Every structure is written in structure tokens, then in C-alpha cells.
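Protein chains in written order, with numbering that gives the first Met the number 0: chain A, 0 to 192; chain B, 0 to 142.
Source of the hints: derived by calculation from the structure; they are not laboratory data.
A quick note: this is a predicted structure, and the numbers were derived from the prediction, not measured.
Fair warning: there could be bad hints in the mix.
Stated by the list, open to error - Here are a few chain B residues that face chain A, going by a calculated C-beta distance under 10 Å:
hint	residue
1	C32
2	E33
3	V38
4	N50
5	T63
6	K68
7	E73
8	H75
9	P91
All C-beta atoms, glycine included, are put in the ideal place defined by N, C-alpha and C.
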Amino acid sequence: MTDEEIIKQILQGNRDAYRFLVEKHQSMIFRTCMGFLHDKDETEDLTQEVFIQAFQSLQKFKGSSSFSTWLYRIAVNASLNKIRKAKKSSLFQRLGFFHGNDQMKTFDIPIPENEIPENAFLLDEQKQMVQSALNSLPENQRTAIVLSKYDDLSQKEIAFIMNTSEGAVEALIQRAKANLREKLLSLSKKSIK
Amino acid sequence: MNCNLCKHELNAYREGRLPEGIRAQVKAHLESCEDCMAVYNLETIADKVFNHEKVIQPNPFLSTRIMAKIETMEQHANSRESIPFYSRVVKPALISVSVIAAVYTGVVVGNVYQPASQTENIPVELTYFNDAALESVDLLSDN
């Protein structure tokens with residue numbers, strides 16, 4: 000059964016059919032959100048929000064693009080909104096930190112059990128460096144690189160999701176890689192000092 | 000090969016997409032250039048981190064959680080619609096009006112009341128309790 004057929008059933012009142020869509024697409028939406036948030040719990044919450052938002056707006060889905068593209072757009076917008084909100088509140092968090100009544104946010108990515116502690120620590124440092132470099136990118140570059148690296152989407156698919164041309168996506172990814180490289184270099188120099 | 004060209008080919012080099020000739024040139028340049036080697040190592044680390052995050056799977060009960068949340072939201076919406084007009088609108092309105100009336104009455108009654116100290120003429124029956132009119136105790140003592 001195609002996504003469009005399932006959507007038709009849902010709109011006819013069979014709400015339980017939505018479970019099929021959720022189960023089919025949850026991994027890809029989770030990966031996309033993970034590329035923006037880097038935290039499993041937060042990503043699960045956001046994935047839930049995305050699917051609820053999609054369910055509530057299902058009547059607006061006209062089928063001009065595929066359901067997965069439409070879902071990707073919702074996920075990217077939700078992720079960017081969440082990051083914007085977090086940035087706004089970060090000023091207050093920093094003020095709280097100076098007063099000593101707040102803890103700095105740490106990333107929480109599970110380390111595979113078979114990794115020895117030294118490697119796990121190194122990987123954790125590396126993760127934070129890469130995540131920090133990725134977070135410093137402008138929104139459109141970040142979106143393009145996340146869809147490319149985390150979801151392995153082609154430039155054509157990314158162009159469709161971002162509503163732009165393939166050439167623009169190619170340029171965005173090139174700029175994102177160059178910026179990421181610069182940022183990683185400067186962060187690694189700082190960590191050596 | 001110069002640094003710019005080397006950096007340009009790094010992605011393809013890492014992914015093994017370069018023809019043998021260019022691959023050998025990039026390899027030779029990396030072995031002789033510390034800066035390019037540093038970039039290569041950092042990009043390899045970045046790819047490692049991306050791949051590490053990519054394989055993290057959501058909770059297997061995520062879809063159940065999502066469906067339960069949707070069901071709860073729908074039930075909530077339906078229960079709001081099923082509440083009769085009296086309970087939804089009239090009752091809260093009556094309570095609000097009662098509270099406003101009680102506050103207004105309190106204010107009015109409070110303004111009507113005046114304490115005895117603020118009255119100009121003390122009533123006759125209260126003069127016995129007027130301390131100012133009592134005889135001084137000093138005058139009654141022998142000293």
C-alpha cells in the first residue's frame with residue numbers, strides 16, 4: 000500500500016492506519032532530527048512532535064510532492080525552530096550559569112559497549128567538536144549537510160525538500176564543507192592549546 | 000600537487016573514488032604536508048561522528064507513544080466538544096459575575112463604614128469612655 004493510499008484511508012476516518020506511516024518513516028525523521036539536535040531523548044520528543052504536526056495537517060497535504068518530502072520539510076522546520084528557541088533561552092541559561100545555579104548542557108550520545116574507556120572519552124571529545132562545528136553553520140548550509148550526511152539524500156532530493164535548485168544545493172554543500180573544515184581546524188587548535 | 004587541489008580531492012580520496020594516478024599524488028602530498036594531513040584527519044573524524052549518530056535507533060515503542068499521544072489529543076478535543084453549553088459557558092460566567100459582585104459589595108460596605116476616631120462629635124454614651132475627658136491621676140495623688 001502506498002503512502003497516498005494510507006493517507007486516503009486516514010482522511011476517511013481510519014486513524015489507526017497512521018501507525019503504518021509512522022513506522023515506515025520514523026527512522027528517517029529521527030535521523031534528520033538527530034543531525035540537528037545530537038541528543039537521543041530530545042530527538043525522540045521532536046520526532047513525536049513532527050508526526051503529530053503532520054497528522055494534524057494531513058488534510059493540507061495535496062500530494063504535489065511525496066509524503067516523505069513533505070515530512071522532511073516539517074522535520075527540518077521543527078528542528079530549526081527548536082534550535083532558535085534554544086538560542087533565545089541560552090542567554091538566560093548563561094546568566095544562570097554565572098550565578099552558579101545552572102548546569103551546562105552536555106550532549107548525551109550512547110557509547111557502544113565494546114569501546115574501551117580511553118577511546119570512548121576520545122570519541123566523546125571528537126563528537127562535541129564536530130557537533131559544535133556543525134551547529135555553527137548557517138541554517139541553510141546546515142540543513143543541506145544534515146540531509147546529505149545523515150539521510151544520504153541526493154542533491155536532487157535535497158533541492159526538492161529545500162525548495163531550491165540542484166545547483167544551489169551543490170553550492171550550499173560545498174560552502175558547508177569548507178566552513179565545517181575551517182571551524183574544525185580552529186576548534187582543534189583551541190583544544191591543543 | 001598543491002594544498003588547494005589536495006583539499007578539493009580529499010572527500011573523493013577518503014571514499015576511494017579517485018583514479019589510481021591522482022590517488023597516489025594525494026597520498027604523497029598528505030605524507031609531506033602536515034596541514035593537509037590535519038584537515039584529512041579532522042574530516043575523517045567528522046565522518047566517523049556522523050556515521051556514529053546515524054546508526055542510533057529510536058525507541059522501538061516510539062510509534063506506540065506517538066499513536067497514544069494522538070489518541071489522547073483526540074479524546075481531549077472530543078470531551079471538550081461534548082461538554083454542554085451550560086457547563087462550558089454559563090456556569091463559568093455566573094461564577095465570574097458572583098465573584099465581581101462580592102468584591103464590589105465589599106468595597107461599597109468598606110467605604111460606608113467610618114471608625115469612631117474619625118467622627119467629629121463623640122456620642123453622649125461614649126463620653127464615659129473618652130480618656131481625654133477623665134480627670135488626671137496626678138491631681139488625685141498626695142504629692
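Evaluation of the provided hints:
1. C32: Result: violated, 14 Å to nearest chain A Cβ.
2. E33: 12 Å, violated
3. V38: 6 Å, holds
4. N50: Where the cut-off is 10 Å and the nearest Cβ of chain A is about 9 Å from B:N50, the hint holds.
5. T63: Constraint on B:T63 satisfied, holds at 8 Å.
6. K68: 6 Å, holds
7. E73: Because about 7 Å separates B:E73 from the closest Cβ in chain A, which is inside the 10 Å limit, the hint holds.
8. H75: 13 Å, violated
9. P91: 27 Å, violated
Of the hints listed earlier, those the structure fails to meet are numbers 1, 2, 8 and 9, in rising order.
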